[in-house]
Each structure stands twice: as C-alpha cells, then as structure tokens.
Amino acid sequence: MKPGFMSSVCPDRTLPDLIAAARKYGYEGLEFRVEWDHKHGIELSSSEDDIATAQGMLEDSGIEATCIATGVQLNSTDAAEHEKERESLKRYIELAQGIGASYLRVFGDPVPEAEEDRDRALSLAAESCAAVDEHAGQHNAKVLIETHTNMRADWARRIVDDSGAENVGVLWHIGHHIRRGQSVDEAYGHIRGNVDHLHFSAREGSEVTDADNQRTFDLLAPDGYDGFFSVEVIDPDDSESVLATHIEKFKAFSGEK
Numbered sequence: 018m019k020p021g022f023m024s025s026v027c028p029d030r031t032l033p034d035l036i037a038a039a040r041k042y043g044y045e046g047l048e049f050r051v052e053w054d055h056k057h058g059i060e061l062s063s064s065e066d067d068i069a070t071a072q073g074m075l076e077d078s079g080i081e082a083t084c085i086a087t088g089v090q091l092n093s094t095d096a097a098e099h100e101k102e103r104e105s106l107k108r109y110i111e112l113a114q115g116i117g118a119s120y121l122r123v124f125g126d127p128v129p130e131a132e133e134d135r136d137r138a139l140s141l142a143a144e145s146c147a148a149v150d151e152h153a154g155q156h157n158a159k160v161l162i163e164t165h166t167n168m169r170a171d172w173a174r175r176i177v178d179d180s181g182a183e184n185v186g187v188l189w190h191i192g193h194h195i196r197r198g199q200s201v202d203e204a205y206g207h208i209r210g211n212v213d214h215l216h217f218s219a220r221e222g223s224e225v226t227d228a229d230n231q232r233t234f235d236l237l238a239p240d241g242y243d244g245f246f247s248v249e250v251i252d253p254d255d256s257e258s259v260l261a262t263h264i265e266k267f268k269a270f271s272g273e274k
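Mapping of the sequence shown onto the working numbering: position 100 corresponds to residue 117, and the numbering continues sequentially without gaps.
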C-alpha cells in the first residue's frame with residue numbers, strides 16, 4: 018500500500034511544487050483533478066508537448082501519476098447523454114496514458130432514487146464502461162467507478178459486473194457510503210477483488226473515524242492490495258498540515274514505523 022494525494026489538497030500549486038511537496042512528506046503518487054482550474058497543467062486542453070514534459074518530470078522525480086480524477090458522469094437515464102460522456106472519457110483515457118496514469122475516476126452518481134430509473138442508470142453506466150473498454154485497454158488505462166455520494170458499493174460492483182469489461186474497477190471512498198449507513202465491512206463484501214484505488218481522509222470531526230480507516234487497511238492488506246491511498250481534502254486552509262497529518266495517519270494505519 019502506498020500513500021498519495023490529490024491535487025485538490027493543493028489546487029494552486031504547479032506540478033513542480035506538487036512533486037516537491039510529495040517528496041517533502043514521503044508521498045509516492047499524485048492524482049490530478051481535472052476541470053477545476055488547478056495549476057498542475059494536466060488537462061484536455063494541454064498540448065502534447067506540455068503533457069510529455071509533465072510525464073518526464075514525474076518519471077524523473079520518481080513520483081507516480083496515480084489517477085486522472087475526471088468529472089465524467091455516467092449516471093443519466095438518457096442514452097444520448099451517455100454517448101457524450103463516452104467521447105469525453107475516451108479523450109481522458111488518452112490523457113491518462115500520456116501522463117503515465119493507470120487509472121481514471123468517473124462518477125456513476127448521483128444514482129436516481131426511483132428503482133426503475135436507478136436500474137436504467139446503472140445499466141447505461143455498465144454499457145458506457147463496456148463501450149470504452151477496448152480503448153482503455155489499448156491505452157493501458159482502467160476506468161474506476163467511485164463510491165461517491167449515494168453510489169453504494171453494491172451498485173458500483175453491479176456496474177463492473179454488468180459491463181463485462183476487463184478495464185473497469187472501483188475507486189473506494191468509504192466516507193460517502195458510511196454517511197449513508199453502509200459500513201466498511203458491508204461495502205468491502207461487495208467490492209472485494211475490484212478495488213484499484215482509494216480516496217483517503219482522516220480528519221478530526223469527520224463521520225469517518227480512525228477505526229473506520231483502520232478497518233479499511235486491515236481488510237485490504239491480507240488481500241494483497243498494493244495500490245494507493247490518495248488523500249482527498251478539497252481546498253483546505255492549510256494544505257501543509259493536511260499533508261503532514263495524513264502521511265502520519267497512513268503510516269499508523271498501515272503499520273509502518
């Protein structure tokens with residue numbers, strides 16, 4: 018298991034500054050939130066030369082590009098909307114390969130509350146994942162459905178299974194389903210074997226307790242999870258404190274000395 022953090026923790030920092038922060042605190046990976054005007058310079062609008070320069074900078078630093086956190090939404094009940102999102106996702110898949118990231122985050126939420134609409138939205142999400150699967154494989158990338166807002170772990174697993182795709186998995190964020198009454202153990206029972214990446218937050222006063230986070234590590238470790246716990250704290254007042262605190266939390270939960 019490896020520690021990383023999202024650009025959302027330090028949205029005003031350039032890529033060299035993000036790399037410097039990762040080195041300072043001992044993080045091994047960076048996840049790039051696109052579409053939010055972060056200063057890392059990794060966007061669909063970036064030139065091929067700029068992306069190649071960024072990829073080289075990361076490679077030289079030894080800091081891994083872990084994931085492109087897109088805003089692509091696969092939650093509509095309208096097939097035409099899915100067609101638009103698929104085209105955007107294909108471009109992000111190409112961007113991920115360019116920067117050297119193995120994963121892309123997409124949203125399958127908010128999931129409709131009405132059962133009939135929910136079933137249609139989840140089915141269309143699976144179809145969308147299947148539609149980009151070959152493209153993802155050709156670009157050495159994997160599309161991850163995040164357990165975000167009301168996307169329960171069982172619904173995320175359903176999308177993965179129904180897609181029949183080889184390059185689709187789950188980005189596990191325990192905070193969202195905990196807020197909606199789904200425990201860490203219950204969630205993991207659904208997505209075990211499909212977790213490729215995690216969003217990680219351990220802040221005082223959060224509904225996610227240290228016990229919840231510890232349980233996440235304890236469940237993943239014996240199953241051989243060797244991916245990233247990527248710190249997600251959005252635009253904090255003190256990013257240095259967030260980075261310092263979370264690397265210590267990561268070490269404690271993972272049993273590092």
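Treat the hints as calculated values from the structure; they're not laboratory data.
Errors might be hidden in some of the hints.
[Unchecked claim] Taking lysine-lysine pairs in the BS3-like style, the calculated list, with each CA pair at most 30 Å apart, reads:
{"id": "1", "residue 1": "K268", "residue 2": "K107"}
{"id": "2", "residue 1": "K19", "residue 2": "K101"}
{"id": "3", "residue 1": "K266", "residue 2": "K101"}
[Claimed, not checked] Quick list of the computed label-pair ranges, beta carbon to beta carbon:
{"id": "4", "residue 1": "R197", "residue 2": "D240", "range": "20 to 26 Å"}
{"id": "5", "residue 1": "T70", "residue 2": "E132", "range": "32 to 38 Å"}
{"id": "6", "residue 1": "A269", "residue 2": "E98", "range": "41 to 47 Å"}
{"id": "7", "residue 1": "P253", "residue 2": "D77", "range": "27 to 33 Å"}
{"id": "8", "residue 1": "L61", "residue 2": "A269", "range": "34 to 40 Å"}
Glycine included, each C-beta is placed from N, C-alpha and C at the ideal position.
> Hint by hint, which ones does this structure get wrong, listed from lowest number up?
Replying inline: 1, 2, 3, 5
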